[in-house]
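The primary structure of each chain is shown beneath.
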Amino acid sequence: MTAGSGDDQPTPWAPFPVQDWSRMPAAGSELDPSPGWGPPTGSPTRPSHRPENRRTALRHRLLPPVTVALVLVLVAAGLGVAARAGAGGEAPSSDYLPADGAAWTSVVESTTPAGTDRTVAVVESARLGGVEATQTLGNQVGVQLLTALGIRDTRSPARVWRVTSTPVGLAGTDPTTRPDAQRSRFYRVDRGVELVLDSGPDGLTTFDPGLRELPAEPEPGDRWTSRGSAGAGRTYTASMSAAAAGTGCLQVTGTLTFAGSGDTAPHRLTRTWCRREGAVQLADRSSAAGQDVGSTERFAPRTALPQIPVTATGTDPWGDPARWRARTLPLRSVEGGADPGSLGVAVTQQSAAVTATGLLARPVVQGRDVIITTPRTEDLLLVRRLHPGGLPTMITALGSAVVVATTGRELVGYGTDGLRRWTLAVPDAITLPGLAVGGDLAVTTAAGTVIMVDPRTGRVRWRHDVGADPSAPPVTDGAQLLVADRSGTLTALAVADGTVRWTAQEPGVSRMTTADGLLVTDDASTLEGRSLADGRLRWRWPHADLVRSLVGLGGTVVAGTDRTTTGLGLDGTPRWTAPPLSTAVGDGTAVAGLSGDALLVITGDGRTVARVPVAPARADETRTLVRAGDGVIMTSSVFGAVQVIT
Amino acid sequence: MTRDPAAGRVVDRTRRFVGVVVRRAVVDPVRDGRPRAHDWPPGWRSVVAVALGCCVLSALLAITSPLLRATLPLFTIEAQEAVLPRATVWPLLLSIIVLLALVQTAALHAPWWLRTLGTLISVGTLLLWGFFGLVQADGLARLSPVVPLGLIIVLLVLVVLRAPRRPAWWEFPAVLAVLGIGVAAGPLTSGLVATGQALGYDAVPLLVATSIQDSALLAVPVMIAAGLSVAELTVGLTVQAGTQAARVSGRRWAYLVLGAVAAVRLTQAVVQLLGWDPVADGPATVITTLAVAGLLAGVGLTVIRIAGRPAAGTAEQLPEQANRIGLPVGVALAGLGVVASVVIIVRALGVLVLSGVTGSVDLPGLTALSSGSRLVLGVVLVLLGFRRARRRDVRQGLVLGLTGVVLVGLSSRFLTGFRWPTTLDPDLLNLVGTLAVLVIGVSAWLRHRLTPRCAVQLATALVLSALFSARDVLADPLGAALGVSGVALVVFGVFWDLLTGSEWANRSSRRLPAASRVLLALAKTLLGLLVVGYAALARSAVNVADPDVYAELGDLVLGTALVAAAFLVILRAVEEDVPTGAAPEPGPDRPGSAGPGGPDPAGAAGRPGGVGAV
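So the sequence lines, in the order shown, correspond to chains P and B.
For the first sequence, counting from 1, position 465 maps to 465 in my numbering; every step adds exactly one.
For the second sequence, counting from 1, position 537 maps to 537 in my numbering; every step adds exactly one.
Bound-form chain B, shown alone (with noise of 0.2 Å):
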């Protein structure tokens, strides 16, 4: 059988060019940013397989939880009003200890003020769980503070001894050894075991479901960074699917995309415009829409402007510069949550001692407080952005200015002193992008400008429009077979940071070796998919932290502003008529041609840790 010349040639290049855009928006984010073997000492690689070990069995009981639960026996745990597993609760505990071995091992060789912390952690956890049930305690268990204050003297001197040496890869097995006996001994010795057995409760399942319950919170900002995941994706590979179409863009069949492209989004916008709904997109809505529409491509401007650099060529390192704040803006997050409770508890506190004297005092709402704080966190977002600006920094500028816009948008109903329910429909806003590519498109067009590579990044726009408008599907494709929302994603948005976002744990410092850094990173990760587990496993409609709503809070912050920036840095490429790739790979049509920057081996110019960094 004989092959068409021709479709050989078109397959060919088909293949070549879904090559290069997956090498590109996924191996070599993958492979610049997961954790290397380097700078580890001899046998590290066996605590990092223990790591991951425990994140994959994490996972996986996160993703079956369905069948677990519908097979396995289930307790409750009453005052969570949680109902899971009881046999998962093993496995949960065990990752739960190797979670305190992979932080209490890497502050060994860290910053005195981390080493503190993951001591103290170490610490209150054997504390915990060896004093557990000792107010009963007769006989032998008489003995058994002597267990937990023995394990916590042994702990301190491998502290003591250990801090100023190098790492070695029997430390975490001896720090493991040291929790693992801790936490098995309380029960052991406290007769724990046996009073829940009579009293009728099941005591350690309680300790450990209650233990991730009060942990949740330190997950909140490893889940709002995994919701930025999937928009990360799509941008990565809808760039560089612009980028290496750009680059054959001497054909009319650009033309020809742009229509079918337009074609397709302006369907969608028309089934969107007939589901309008005109209360929950009423004014307010708009008004607010339209003002950080208007808001994103003001702050955007003015930070390219200030920056004094073509934004266009950033587009390929978007994801990137997002996947880099989403942990810090999660913290940022998480933690304004934290003062805001706090402030809450202390004003309810004076209250309470001044009731007496002051009558009714009003309190401010959690809804007001968070509101209020996220207004300033953008503002302060935003001022970093053109900071980063100043610096020269388009990329970075552009993400963390229009981060900061969404979240002032997001606390719109503050400014209104919460009298108007002013909303920020991402939906709307995505229309808006829309109609600017368009209006630059015809526009483009009638000043007889509208260059086959314009025809391309239009489309590219205009795809990346598409996408955005059916994020909910490409973002929980599994929660409907799971019966569970939210999950798939954010199990998904972990690991990829895990692999796209570890490039910090491959440096070493003098004041925290590689070694540590790997190991917070697999902690966090760990910590990240220990609560999606439990939030999966107990599915309690009151849960302390629910992973999906942080995860879509994540993706509506992090991922509306990428998806911004990389609007606007196609658009204005559009505008100069330049590429919006800054290192093209060798095109399907030109073998072995290189690109303006020359030729990339590693495919990883710019970025640091690549070859560059030699």
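Looking at chain P on its own, in the form it has when it is part of the complex (with noise of 0.2 Å):
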């Protein structure tokens, strides 16, 4: 028998079976099993070892390590060929571009026989693919863009650029009134940089093709021209030209002809492109009834903003229940002033924000766009597109605050006008919802930072790490805030400076609340009470189903399990049971949640007031309640459409 050798090591020998070579004494050691004679000679076992000459021996020696390192190098690339393959790539006139998520205040003057107009905007870049950017647009106007990109199947390589701007204090803080005041732009970037929609309060025009800003590989001299359709019985036809403008930027210019109804007469274009920038100055001028007339627009400084109202979020008690109905809301839009179009986009489940003036703010999928609507009687009205730049992870809204965290590890404040007011850059992403605690927010990164944010302005009033990723959601009694992380430790911070005022150990703690003085968490076995002025352990109680549900009610803890709800006195002892609740909330004194197709509102004494039927829910179909004034907002994975209980 002979001993199995690894590579081409030389095969050693012994006159008695060895099973493992490697465990023998070393060769010439005093325990050496060799006899000193060599094996039997035309041994059936024993390999011949022909003589081979060096450059054999090492290509034996090597075939197999350069072959298996030569597949894995290829398997890899092949890997990386598969994750570009028959992706668009954007044209090289998209170093002309900024960023996705990028914003900038612009001056936008016009002039009219009527005279000049000044307004400031918030502008927001979005770079997004060509079916993507159709998303968040009506269905109607979301097919003329389709239509003019030219796509045809979801493998269109077209790449879209969005700029939407959205005008400085035109309505204060409530866009409802003005649904359509923001414009935006798509341009078509991967074959030049070509003007394809502008919808605006102004109206809507369609470029098909579209009319040509840039070529795609733009160089100072360059000249060119574009034609086509420019709305319902209109054409265009531009012919524009390119110069150096200092460093980095070009000066386009040009004439901008329609033809057949409405305004022909020749536009004077002038743009300065600059590298990742944009169009930093755009001019449009034309002569109407022998007078200029037009519009300029250009970058201007970071302009003063109007200050967001955010007031210490207040609980008040829901007015009656039982009277309480459902409506299933369908999500519209208003582009370019025409009539509302069906709207269907897939809104992430992870969060979902109700404003003080009951606006819902949502981040959508597809699109990368938060979106802010108001529940109408009849539908759900888009009002505001924003666009933070990377993917929404969590939204949260404080009075006429809307806050968003991305995957760009920012966290963005807009307005509920739709303005960006500041952008705070975070050690790594947010997932889990923010927390409103008086009228700052707090806000806990996977890193383990928790950070006490001012919602008005970005400031960061304080920042304590805890040294491990959060394992739930931070709760608030007002004083403190408490964070479960999961090395097992609770820790309760001070909510005025962010001090530790005590930790305690608590592993796997998956929710938690407030309840009059208590903490209560629950890690999928036992729900326990602690004192929330030193964290003492004050009892416990062992459950033999998942809790999904957990809300303090003043002296009651209320327990949602798959197959009871259990109402906790303050002992930690059971006083009532009703049916399971799946997903609740609570105003504080009574709790409303689902329970199969139906919303329960029960309250602290365990009385069930309201039974609301809701829309039965599909199987794969995840829901979640937000509370939204004298009532609750019941959002769903599904499609945009929300059921409103009030």
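Computed footprint of chain B on chain P; a stretch qualifies when at least three of its residues, placed anywhere within it, have a C-beta under 8 Å from a C-beta of chain B:
id, segment
1, 57-66
2, 149-156
3, 519-526
From chain P, some residues computed to sit far from chain B (all C-beta separations above 12 Å):
id, residue
4, THR105
5, VAL107
6, ASP222
7, PRO266
8, GLY294
9, SER295
10, THR303
11, GLN307
12, ARG323
13, GLY341
14, THR476
15, ASP497
16, GLY555
17, ARG607
18, VAL626
Don't read these hints as lab results, they were simulated from the structure.
Glycine included, each C-beta is placed from N, C-alpha and C at the ideal position.
Put the complex together from the two separate chains, hints included.
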């Protein structure tokens, strides 16, 4: 029997069977098992060692590692190619575009025969896929954009740059008065920079094919023309040329002429494109009745924006839940002054937020926008489209402030007027819901950093590192912020300055709530009540089912499991039971939660005061309740429609 | 400069003492348990090197996850609420392909059922990636089914042709190429990437992340076994130190050591008692813990009695025995979790079908089912322990029986119908153990039987108790630094398990050669590290399989049982006044001397695969 060999090592031998040569004493040692004579000649089990030259031996030794390494490299390279297979790249002219999520202030001066009007706007840049760009548009306008982009299937290489301008001070912070106040311009950017859709309060224009603003590889001295349709019964012809305009910038000038209905006077266009900044200046002049009219838009220094009204969040009890009714509201959008068009976007489930004025803000899966909608009698109308950059991972509303966390490791603050107010860099992604504490916002990053932010300005009031990633959304009693992390530590931080009041060991916390001086935690098998004053454990309540909802109501803690809902007293004693609640919100005196296809409202003493039938859920649907004034809003993971229960 | 001869001797003895302890507790288990290039076909080292490289890559991703998350662009998987660095998806995907290739290559020369399973996994992967996105395929993409179907045929031909032959190194690159082409060709031909880009999502990373999350359940046993590593190492080092120290027991300093260790442990206990929580450590917890302590002692002594062999000399082998049952117990725990979930799903479906007839139906909760199934497993392990004892295997009997007792203790709420908050408190259990040591020590002293050897053995038990008390710090020293709890423990545990628990992979049998076994051992390791790496990178609050949780479960169940077994054996040795070590080393004060076991050049007497197996 021969000992096994690894690679081409000389095979040792012994006159007795050896299972494992590596365990034998080394050759030449005192216990060397080698007998001092060679193996029997002609042994059928011993491989013959034919003399081979060094080159052959080297080849035999190197062949396996080289082949394995080569195949590994080829597979890795193949994956790299596959990752980009069919991906529509942007043209070199995209170097003149700002990044996704970039924002700036612009000043627009419009000259009309009546005079000159000056408006300031906050502009946001979005770099999107072709189909993606249509996701938050009404169906009709979306189809127009798809047509103008030439998109016939979902594998189109078309890429879009969207520029959204939100006027400052147009209607205070109430966007519902002007749902179409934002102006959005869509440019196709995979074969140059071409304006394909311009939608705003003044109307909607579609250029098909697009009005070429920059060729694919723009250079000073380039000249180009473009022509096509510009809406129903209109055509356009444009002729432009580029010239150098300082370092990294191009001056583009030309004329644009419309034919057909409406304005047919030639427009003199002037743009200054700078690398990674976009068109820092745009002018569109024409003559009307012998008078020079048009508009000029240019970058402006940061302008002071109106303060976002943020008040300490109050919790007024619900009025009469017994009179609540559920209404399913379809999502609609107004574009360019047209009638509201239906909108069917997939909305992320992680979070939805309701502002003080009852607006509902939600992140959109495709398009990476955050949409602000207003519930109306017959629909849910999209009033603002926000694009913080990156993918939204968390959204919270305080008063009239909407704060969005993104995968760009940023917190971005908006007013409900759609104006971006501030951006704050954070150490890691934020996926757990933010928490309103007084007039401030507490967030926890995945790196374990707790940050208290002023939502008006984005100023950090304090930050504290708890040392590990949080395991449950934080809760507060107004004076302390309670954070549970995955190293099993509960930390109570003073709301005022972030100092540690106390810590306690409590592994596996997945839910928390507060109730009248008590912190209640759930670790999937036990509810534990702790004193908020010093963190000492007061009681434990074992449960056999997973807790799906946990709400504190003054003197009662309501825990909904798969099989039942239990009301516990502050001493941890079960007081009453009710049907199971899968998800629930409270108003301080009662809890509203989903139980099958109905919303139940249960008071602190266990009475069910309302049972509101809701639309049956789909098998793959996840629903979330958000408290909204005198009622609740139920959002769905399936499509944009919501059920408002008031 | 002259050296003080006395000081020099002390330094030499200390160095040799530490050297012997480390060698026997760390080096020997690694030497005996690591995969060895034994009975491998030529070129197999290259395959092993690639697998190890992917293991190291996954471990590095886990360890450096805070840095990667802080610097690389992130993306989110909405359905899983996970956010992870986009660039790390590609090394993860490459590791997945290597993992699949390892399993498939190993399965080529495995028993029919394993060969079928491995082939099904590979074919499933090719189908998943090859046909993903074909719904909207047109043009050239209509041809895309040809690629995965062709690759599946190639794979099946390879399986049929190679199964009856000896393993060859080129099989791995061939399988790797087939799987790599299949995974890469899917997005290439189906337009998956273009569709994702147009619609605004990262299609391939999404598929990778979903694949890892879906396979995370398979890694649960690996993580549970990894949780044992710290206890294994701690017990090994402590018992070895005690064994070596006991050999120089003819000194009075043994009593000094015992006094010092007792003082430290008592201080720990006083600190623990000062922080006594009347709620957390209330009557239900105390009663449960005392009952478990009694059961541990009762089952342990019963095993020793049934075995009819002295247990005292077995302490050194206990970590190895615990290591052997770590993975099977992990598989059983994970499997029971799956069974519990299936029961709930089946009953829920039944409720859906019958709800119109029966009205409300009381569904069992997942917690209740998991707890109940753990109770059953605990009882089965205790019975298995008795069975091993009947076969005179006192070491494995002890480890199995005491693991069963700990599982029963963890399921105590099930026995009370979830009415009482009964909890097994390991710290309280440790206090009971310390108390037992002190009682036995005082008893021996009063009877004038506290020999220096007994004193060292009691000190060993107290050191074990003190280390057990500080296990959180020992288990996760890097957790706070990394900002993600448990990663260091699991990464270390998975590698430790590979290095010390792969002895089975060095054996060859007619149905499963060593070449296949080593690939399976590496695949198991890579799977565990992949899931750990993904969990650390994603930092999701809602993780399908949180490695930290399962590693802690392994530490609690297997680690507590191991420490209890070591405790029992040491106290038994004190009672019988015999050494705890079976094969003493040449002592620092008696160079070249041999212990009762005689010379043991490999230091592995009694271990399978050692010289004794020649």
